[in-house]
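Novice: One letter stands for each residue in the lines below.
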Amino acid sequence: SQQGEEDPQALSIQEGENATMNCSYKTSINNLQWYRQNSGRGLVHLILIRSNEREKHSGRLRVTLDTSKKSSSLLITASRAADTASYFCATGCYNTNAGKSTFGDGTTLTVKP
Amino acid sequence: GAGVSQSPSNKVTEKGKDVELRCDPISGHTALYWYRQSLGQGLEFLIYFQGNSAPDKSGLPSDRFSAERTGGSVSTLTIQRTQQEDSAVYLCASSDISGRGYTEAFFGQGTRLTVV
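Chains as they are written, first to last, in our numbering: chain A, 1 to 113; chain B, 114 to 229.
In case anyone wonders, no lab produced these hints; they're calculated from the structure. The structure displayed is predicted, hence computed values, not measured ones. Take the hints with a grain of salt, since some may be wrong.
[Said to hold, decoys possible] Using C-beta positions, here's what the derived DEER-type ranges look like: (1) B:Gly141 - A:Asp66: 28 to 36 Å; (2) B:Thr126 - A:Glu17: 41 to 49 Å; (3) A:Ser58 - B:Gly141: 20 to 28 Å; (4) A:Lys26 - B:Gly184: 30 to 38 Å; (5) B:Arg177 - A:Arg54: 40 to 48 Å; (6) A:Ser51 - B:Asp209: 17 to 25 Å; (7) A:Glu15 - B:Asp209: 31 to 39 Å; (8) A:Lys26 - B:Ser175: 41 to 49 Å; (9) B:Gln154 - A:Arg60: 39 to 47 Å; (10) A:Pro113 - B:Val187: 39 to 47 Å; (11) B:Glu181 - A:Ala82: 34 to 42 Å; (12) B:Thr183 - A:Ser12: 40 to 48 Å; (13) B:Ser140 - A:Ser58: 20 to 28 Å.
All C-beta atoms, glycine included, are put in the ideal place defined by N, C-alpha and C.
This is chain A alone, in the form it adopts within the complex (with noise of 0.2 Å):
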């Protein structure tokens, strides 16, 4: 089963509103991460955040996280219509005999123009 669940499934904003997509996971982790994909194709590595961390901010982005929630959020601030891609969440948990990233089956954001 996915470990990470994004919310909602799909948003769909104006461009220069903020978008919010929620994260949750059920197990321990030691870092949480958000990327990005278009067109269906390889993803982008957005952001991670450690499992010490609250908060954490790249450009527009910033990204929450709740341990004791098992709960991340993604804040998209200033939206443009390039921002339109599906958003993925990924757990990891790495230690020395298991180590991956569990990901979630997205958010579809669409800003329009």
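Please build the complex by placing chain B on the supplied structure of chain A, with the hints as guidance.
Specialist: For chain B alone, coordinates are given in the frame of chain A:
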């Protein structure tokens, strides 16, 4: 190389034929992952390599699927006797490891497999 490279970019094959998908990870990356993504769906984990060994093969959907990695670098995903339900984009990713654990994963552009 500069990024993760996958080949072929697109593959159309007849049902029942075998296919091999190749992944060249970023040089020096310890971990290599294979995922499968059906149209409009999320990523389905297939297999993970740490060096040349695969500690987690739990995602391989059937014994028709196998993967290997040699020299801690190139990996090949093989699908035998392909079925139409195998049609999907197969994504490969690699990541490094630092003193604080694995870094983010870098993805290739994927191989779009179509079984007709």
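Novice: Take the hints in turn and mark each one as holding or not.
Specialist: Hint by hint, here is what the structure shows:
1. Distance hint for glycine 141 of chain B and aspartate 66 of chain A: a CB-CB separation of about 34 Å, consistent with the stated range 28 to 36 Å.
2. Judged by the Cβ atoms, the range 41 to 49 Å given for threonine 126 of chain B and glutamate 17 of chain A holds: they are separated by roughly 44 Å.
3. Between serine 58 of chain A and glycine 141 of chain B the beta carbons are some 24 Å apart, a value that agrees with the proposed interval 20 to 28 Å.
4. In this structure the hint that lysine 26 of chain A and glycine 184 of chain B lie 30 to 38 Å apart at CB holds, the actual value being about 36 Å.
5. Range check, arginine 177 of chain B to arginine 54 of chain A: about 45 Å between beta-carbon atoms, so the 40 to 48 Å window is met.
6. As the Cβ distance of serine 51 of chain A to aspartate 209 of chain B is approximately 19 Å, the hint placing it in 17 to 25 Å holds.
7. Checked against the hint of 31 to 39 Å, the C-beta distance between glutamate 15 of chain A and aspartate 209 of chain B comes to roughly 36 Å, which is consistent with it.
8. For lysine 26 of chain A and serine 175 of chain B, the hinted distance range of 41 to 49 Å is not satisfied, since their beta carbons lie about 26 Å from each other.
9. The supplied range of 39 to 47 Å is broken by glutamine 154 of chain B and arginine 60 of chain A, whose beta-carbon atoms lie about 27 Å from each other.
10. At about 42 Å, the CB distance of proline 113 of chain A to valine 187 of chain B agrees with the hint of 39 to 47 Å.
11. Taking 34 to 42 Å as the suggested C-beta distance range, the pair glutamate 181 of chain B and alanine 82 of chain A conforms, at roughly 39 Å.
12. The supplied range of 40 to 48 Å is met by threonine 183 of chain B and serine 12 of chain A, whose beta-carbon atoms lie about 46 Å from each other.
13. About 25 Å separates the C-beta atoms of serine 140 of chain B and serine 58 of chain A, a value consistent with the hinted range of 20 to 28 Å.
Comparing the model with each earlier hint shows violations of hints 8, 9; every other hint is respected.
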